[in-house]
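Protein chains in written order, with this note's numbering: chain A, 1 to 260; chain B, 1001 to 1148.
By construction, these hints were calculated from the structure, which means they are not laboratory data.
C-beta: ideal position from N, C-alpha, C; glycine also.
There's no promise every hint is true.
Claimed, not checked - EDC-like, lysine to aspartate or glutamate: derived pairs with alpha carbons at most 16 Å apart:
{"#": "1", "chain 1": "A", "residue 1": "Lys112", "chain 2": "B", "residue 2": "Glu1118"}
{"#": "2", "chain 1": "A", "residue 1": "Lys112", "chain 2": "B", "residue 2": "Asp1094"}
{"#": "3", "chain 1": "B", "residue 1": "Lys1066", "chain 2": "B", "residue 2": "Glu1115"}
Stated by the list, open to error - Derived coverage of chain B by chain A (criterion: at least 3 residues anywhere in the stretch with Cβ under 8 Å from a Cβ of chain A; other residues may be distant):
{"#": "4", "region": "1009–1018"}
{"#": "5", "region": "1022–1033"}
{"#": "6", "region": "1092–1101"}
{"#": "7", "region": "1115–1125"}
Stated by the list, open to error - Per the computed footprint, the stretches of chain A lying under chain B, defined by three or more beta-carbons under 8 Å from a beta-carbon of chain B, are:
{"#": "8", "region": "76–82"}
{"#": "9", "region": "109–117"}
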Amino acid sequence: MHRYANPARFMRYSGAILPFAAGLTALLIGTGLYLGLFVAPADYQQGESYRIIFVHVPSAWLALFVYTNMAIASAVALIWKHPLADVAGRACAPIGAAFTVLALVTGSLWGKPMWGTWWVWDARLTSVLILFFLYLGYIALADAFDDPARGAKAAAILALVGFVNVPIIKYSVDWWNTLHQPATISQLGAPSIHPSMMIPLLLMAVGFTTYFVTVLILRMRAEIIGRKIRTMQLLQVQKKSTPSANVDGPPAAPAAESPS
Amino acid sequence: MTRKRRRLMFVATGMVVLAAAAGLVLTAFEDNLVFFHSPTDVGEKGIPEGKRFRLGGLVEENSVHKTDGGLTVAFRVTDLSNAIPVTYKGLLPDLFREGQGVVAEGVLNQEGVFEAAEVLAKHDENYMPPEVAEALKKSGYWQEKAAE
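Sequences and hints are given; from them, build the entire structure.
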């Protein structure tokens, strides 16, 4: 574990993975969209409108998956103080927020013609809206302190506290009666979707996951390089001011910012 | 090592306490978190007439009657053990049909008829091409799922 938590090594491996992840994303989403929008048959009840599930369902899955990753990264950052975990947590938040918005918007667009309403305050929709606010809160809190290490700590605690919402979202449709339908694909029992529709749905889900990996790597690399630049600038300023008795030199960079 | 251990224990304990608290709160709010009541719930809980609530269930087969040039609709909402008559004036969503799930918001009047101000269709989790649905119905494997 420690072996891969080294930023220099991370830069090397992630740079090698990046083109594959990006290529796979284009391939999977391209095939998934083609099969979903042109090849898959219309639904017996909803006609063509059901095709929004090829975007809506993977977005909703990823919204939960990204939050889970963010919570794990936050726990690792809090307990073991790995600098990379903090970088990963911060990189996750905007991606997860974007998936959540996508799930809410596509669901709303589908809800109007099918349910007859854009929005209802049922347990599923409300808990997903809370997930979106948790993402926004995390982003705001992480940057709310002058000292980035304190911001990271506060945001990590928020991410962990907010994690209780993830099982609530997942099981809201089973625990309470909601307007939102229960899960079509679950671990228990056969999926209640025809294979001709399930294959594009799964392709899209895997494609969204590789997209997440691609963007996560890009964002983490940018953050690591950004921190390196900040540390180098600090060192330069320090060097300039050391000959003059080191009186009003800036404080040394915090441990989390050292580029190893 | 001990500091890491302590932090790990702290985070783990925090998560357990948090999960327990969330569980208790959600159990306490159980009745307020449901989106609709089934016809059986309405009978058991004795919701007073004139109180606005949501009624959910399946649209009973052969119960839909349109009058007034299709503008006013009367139908029965059933959970397969009890049923409540509903009247509604307005546009129905695409998925509204007999045997399908529906959630209506409104009030019960003196005659025990539910006067809906809004009718929403509830979709189930099944997706299939029309031919497959036909084949299933023909072969007798078709089963209407009861409303939850």
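Verification of the supplied hints:
| no. | hint | in the structure |
| --- | --- | --- |
| 1 | A:Lys112 / B:Glu1118 | holds (13 Å) |
| 2 | A:Lys112 / B:Asp1094 | holds (9 Å) |
| 3 | B:Lys1066 / B:Glu1115 | holds (15 Å) |
| 4 | 1009–1018 | holds (count 4) |
| 5 | 1022–1033 | holds (count 4) |
| 6 | 1092–1101 | holds (count 6) |
| 7 | 1115–1125 | holds (count 8) |
| 8 | 76–82 | holds (count 3) |
| 9 | 109–117 | holds (count 5) |
Hint violations for this structure: none, all hints satisfied.
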